[in-house]
Amino acid sequence: MGKIVMQYKPLVEDLKFTLDCLLLRDIREIVEHNVELGLPKDEIERLQQQIEEGSKLVDKLSKLSMWNCNILCSFCECSKPSYTDRLLELNSSLRELFELLK
Numbered sequence: 001m002g003k004i005v006m007q008y009k010p011l012v013e014d015l016k017f018t019l020d021c022l023l024l025r026d027i028r029e030i031v032e033h034n035v036e037l038g039l040p041k042d043e044i045e046r047l048q049q050q051i052e053e054g055s056k057l058v059d060k061l062s063k064l065s066m067w068n069c070n071i072l073c074s075f076c077e078c079s080k081p082s083y084t085d086r087l088l089e090l091n092s093s094l095r096e097l098f099e100l101l102k
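Start counting the sequence shown at 1; every next residue gets the next number (full-length UniProt numbering).
Be careful, since some hints might not be right.
Unchecked claim - Cut-off 30 Å, straight-line C-alpha distance, at most; resulting in silico cross-link-like pairs (DSSO-like, lysine-lysine):
hint, residue 1, residue 2
1, Lys41, Lys56
2, Lys63, Lys41
3, Lys16, Lys56
4, Lys9, Lys41
5, Lys16, Lys63
Simulated from the structure, these hints should not be mistaken for laboratory data.
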């Protein structure tokens, strides 16, 4: 189980870094920039939703330890590739949106 927890650590750190980069830029600044460029409002809403989802996922997986993983793995998906996939997909999507909104 410790191996499972450790495999998430770099992915969680990557996602946290991406979220920190996005949060350093004020969302209002991004909205204003999008209005100037005439980009759709749904991109901003999607970005805000993904930032929220990413923050929750980082918080949840940051608290995962070997001890509670041993107890909870039968009740959660932490031993399945779904968290890895979610972390990678969310990080990639946020980076794409960030580049689009620069």
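Results of checking the hints against the structure:
no., hint, result
1, Lys41 / Lys56, "holds, 23 Å"
2, Lys63 / Lys41, "violated, 34 Å"
3, Lys16 / Lys56, "holds, 10 Å"
4, Lys9 / Lys41, "violated, 33 Å"
5, Lys16 / Lys63, "holds, 13 Å"
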